[in-house]
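Engineer: One letter stands for each residue in the lines below.
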Amino acid sequence: MSRIGVFICHCGENISRTVDVERVAQEVGKLPGVAFSTDYKYMCSDPGQNLLKKAIQDQKLSHIVVAACSPRMHEKTFRKAVEAAGLNPFLCEMANIREHCSWVHENKEEATVKAVEIVGMMVERVKKNRVLPTITVPVTKRALVIGGGIAGIQAALDIADCGHEVILVEREPSIGGHMAQLSETFPTLDCSQCIMTPKMVDVANHPRIKLYTYSEIELVEGYIGNFQVTIKRKARSVNEDTCTGCGVCMEKCPVRKIPNKFDCNLGMRPAIYVPFPQAVPNTPVIDRENCIKFKTGKCGLCQKVCGPGAVDYEQEDSLVVEAVGAIVVATGFDLYTIDEKPKGSAIKGYGEFGHGKIPDVIDGMTFERLASASGPTGGKILRPSDGREPKQIVFIQCIGSRAREKGISYCSKVCCMYTAKHTMLYHHKVHDGQAYVFFMDARTPGKSYDEFWRRSIEEEEAVYIRGMVSRLYQKGDKIVVMGSDIAVGVQVEIEADMVVLATAVQPQKGADLLAQKLGISYDKYNFYSEAHAKLRPVECATAGIYLAGACQGPKDIPETVGQASAAAAKVMTLFSKDKLEREPIVARVKESGCVGCFACKKVCAYGAVEEKEIRDRQGNLIKTVAFVNPGVCAGCGTCQATCPSKCVELDGYTDEQVIAMIEAL
Amino acid sequence: MKKKKMIISQETMDVDFVRKVEALSGTSVRRCFQCGKCSAGCPMGTFMEHPPNRVVRLLQLGQWQRVLAGRSIWYCASCETCSTRCPNKVHLASIMDALRKLSWDAEGASKESYVQLANKLFLQNIRTYGRQYEMRLAAVFNVKSGQFLKDLMLGPKLFAKGKLKVFHSKNKNMSEIEKIFTRIEEMRKKGEAL
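Protein chains in written order, with my numbering: chain A, 1 to 665; chain B, 1 to 194.
Since the hints were made in silico from the structure, they are not lab data.
Ideal Cβ placement from N, Cα and C applies to all residues, glycine included.
Check the hints yourself; a few may be wrong.
Stated by the list, open to error - Facing chain B, according to a computed beta carbon distance under 10 Å, are these residues of chain A, among others: (1) Gln392; (2) Asp432; (3) Gly433; (4) Gln434; (5) Ile457; (6) Glu458; (7) Glu461; (8) Val463; (9) Tyr464; (10) Ala487; (11) Glu495.
Construct the entire structure; sequences and hints are all you get.
Structural biologist: Encoded structure:
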């Protein structure tokens with residue numbers, strides 16, 4: 001027999017203005033099972049909570065209903081108070097008579113009747129509440145960081161500096177990501193390599209960071225605090241432990257003319273190579289597609305010249321399994337291509353800009369490599385076609401970005417600033433040249449950003465022309481750019497030597513596949529989705545997985561570093577406890593009725609549903625049923641709604657409880 | 001001229017002229033970011049083919065010929081509303097002033113508004129007579145501008161009130177007047193004056 005206590009709150013005048021709270025308390029007191037009912041001015045205040053605790057002890061109450069504001073506001077407060085009085089906190093429910101009643105009604109009589117009904121429903125429901133033990137899961141205090149760009153590096157360093165082991169996985173042969181490719185960074189124009197490489201070295205030397213380069217995530221199993229991650233280490237063909245990084249192999253390699261991806265295909269590299277001289281680790285990798293040894297079986301020169309004997313043609317891809325408690329995803333971005341529409345892609349190329357076939361029409365990253373002191377031209381701005389210095393250079397912003405027709409409607413955020421930076425770099429390097437920028441809007445929010453943009457115009461003499469370019473075409477060795485100046489209202493034509501397109505920021509290729517392995521959600525562009533756009537911007541909806549950098553959306557370096565540190569802080573919060581406590585509002589499967597259709601598994605957004613085999617004593621398989629991992633379940637109830645045999649129930653929200661509530665009406 | 005396609009290059013952007021405008025007006029042309037506030041509040045803006053913001057924009061592109069070919073600079077009443085309200089401290093009224101001054105020698109300046117003609121005839125009269133000779137000014141202006149009957153009916157009224165004299169009266173100290181003109185001409189040759 002339940003002894004229910006009902007506590008009606010006035011909420012100052014918020015509730016009592018339109019609801020006769022005393023009458024509600026009287027009427028509810030008559031309901032079967034209710035042993036005690038009272039009202040108070042502020043239930044959430046200290047005296048209010050004490051009233052509640054005292055009543056539980058004096059009246060020997062078994063269940064509690066607090067009729068007040070929304071449970072979102074004070075459910076935790078009252079459950080804590082109930083727990084302090086010795087009851088299981090999940091035997092306390094809230095009836096919302098403020099947002100759902102007093103605030104939305106004017107007629108006191110009607111509102112009072114409605115309040116009685118709302119409380120009555122919760123009384124019937126709380127009778128069927130079960131004692132729920134808090135779920136605890138152990139936490140493995142190691143973190144996995146996916147992606148070795150500035151975001152991944154920052155997150156890894158922060159976590160490792162806090163005393164936890166970090167596994168950093170990078171797909172390319174070296175860490176550094178896109179930031180290592182940049183020449184200088186806005187808004188201070190400090191050299192990107194100069195600020196990036198020390199951090200890369202810190203990662204390499206950190207005793208608590210385990211670095212897997214040239215590796216990819218193969219499989220992710222488990223849940224928050226207890227992930228098992230299988231990492232595929234692609235065959236490098238060079239032994240990382242014995243290689244000294246002397247570089248003799250690269251000097252002797254007979255294959256020399258392979259376009260270097262790191263230099264945006266402007267520079268050449270041998271078949272055994274490091275992407276750039278400051279690479280971390282400084283261990284070369286053999287590009288098996290272009291290596292003569294792998295193509296014909298002859299050559300083998302690199303192995304002959306290698307002093308420590310680190311070159312190993314027999315090396316194969318290997319798998320390693322690592323146990324981690326948290327995952328930071330920092331896979332970064334890629335740039336939109338204006339080439340013809342790639343197969344299976346929603347984006348369209350730019351025929352009006354020559355589909356990428358005009359050699360002196362380059363993208364922003366290629367310009368970065370040209371302007372970089374360590375780039376293929378040693379920092380000289382030269383045309384890729386004939387190596388001449390361009391005297392008239394045109395920059396065009398918003399290529400792909402903000403072009404719904406091309407498949408992207410978002411703003412890439414960094415292009416306005418990096419184009420302003422490009423005009424400055426150009427002006428510093430080509431004094432007699434003139435830079436023109438076609439733009440639609442200049443979006444420069446950020447500390448010292450607008451001042452930087454204005455500087456490019458007022459001091460560095462860039463001519464900004466508001467209006468989009470309709471088309472450009474090759475004419476002799478010039479590129480004719482046809483645009484318009486919408487401030488004057490006339491068409492504009494410029495014969496340029498070089499055109500730089502500020503192409504859109506897109507998620508890294510294969511971002512969707514990785515998301516499927518991790519069980520995290522992503523938007524239509526393949527950017528990873530955060531749990532809450534404002535209040536949980538670094539967490540995924542899937543517990544234990546955090547986001548950093550441009551894999552979540554276009555970001556500049558300061559923002560990326562900020563988010564990476566924020567993700568690290570979230571990981572540390574998780575690691576601060578030995579065991580993780582979770583709210584026990586999770587789904588449970590009635591195994592007797594489950595037919596193993598796994599409709600629940602398909603709809604679960606959190607990957608919480610697993611397959612469980614039921615065997616008899618001899619070990620013969622009876623059937624396979626669904627099992628909800630309480631460590632992963634977020635209590636959304638989708639499985640409950642989906643189950644055709646009504647065999648999944650969410651604790652605290654069972655069908656029985658909901659029916660009882662309806663019947664109380 | 002207004003709608004003609006603009007071919008932009010280092011040759012067609014006359015930066016030197018814009019520098020002169022900036023030096024004369026003591027304000028930066030490049031600083032303007034085309035918010036349009038000057039045009040929004042300009043009392044003469046509706047009469048101009050290039051509203052104030054566009055005048056600045058054309059200067060940013062070094063296209064001063066387009067500005068001077070129009071009437072905008074002559075419609076400007078120098079009320080300074082634009083300068084007062086500009087968020088970027090671009091003193092547009094001074095720019096307009098500078099443009100009017102520079103238009104004196106510039107090629108392709110507006111023939112349409114006859115302001116230059118009126119100015120020149122006015123000064124010629126002063127130089128010849130030492131003071132203004134209205135009858136001659138009006139007559140020569142009408143002939144030279146090809147508008148023979150312009151303001152003809154004003155003549156009798158002015159005549160009746162004694163404001164229009166048939167015969168001129170010369171200044172007694174013409175040599176001093178001539179000195180002023182020669183001095184300014186010399187200064188202009190040296191580049192000390194406009």
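Engineer: Now, for every hint given, state plainly whether the structure supports it.
Structural biologist: Each hint, compared with the structure:
1. Gln392: Hint holds; A:Gln392 Cβ to chain B Cβ min 6 Å, cut 10 Å.
2. Asp432: For A:Asp432, the interface hint holds, since the closest Cβ of chain B sits about 8 Å away, which is under 10 Å.
3. Gly433: 8 Å, holds
4. Gln434: 5 Å, holds
5. Ile457: With a minimum Cβ separation of about 6 Å from chain B (threshold 10 Å), the hint on A:Ile457 holds.
6. Glu458: 5 Å, holds
7. Glu461: 8 Å, holds
8. Val463: For A:Val463, the interface hint holds, since the closest Cβ of chain B sits about 7 Å away, which is under 10 Å.
9. Tyr464: The hint holds - A:Tyr464 has a Cβ within 10 Å of chain B, the shortest such distance being about 8 Å.
10. Ala487: 4 Å, holds
11. Glu495: Where the cut-off is 10 Å and the nearest Cβ of chain B is about 6 Å from A:Glu495, the hint holds.
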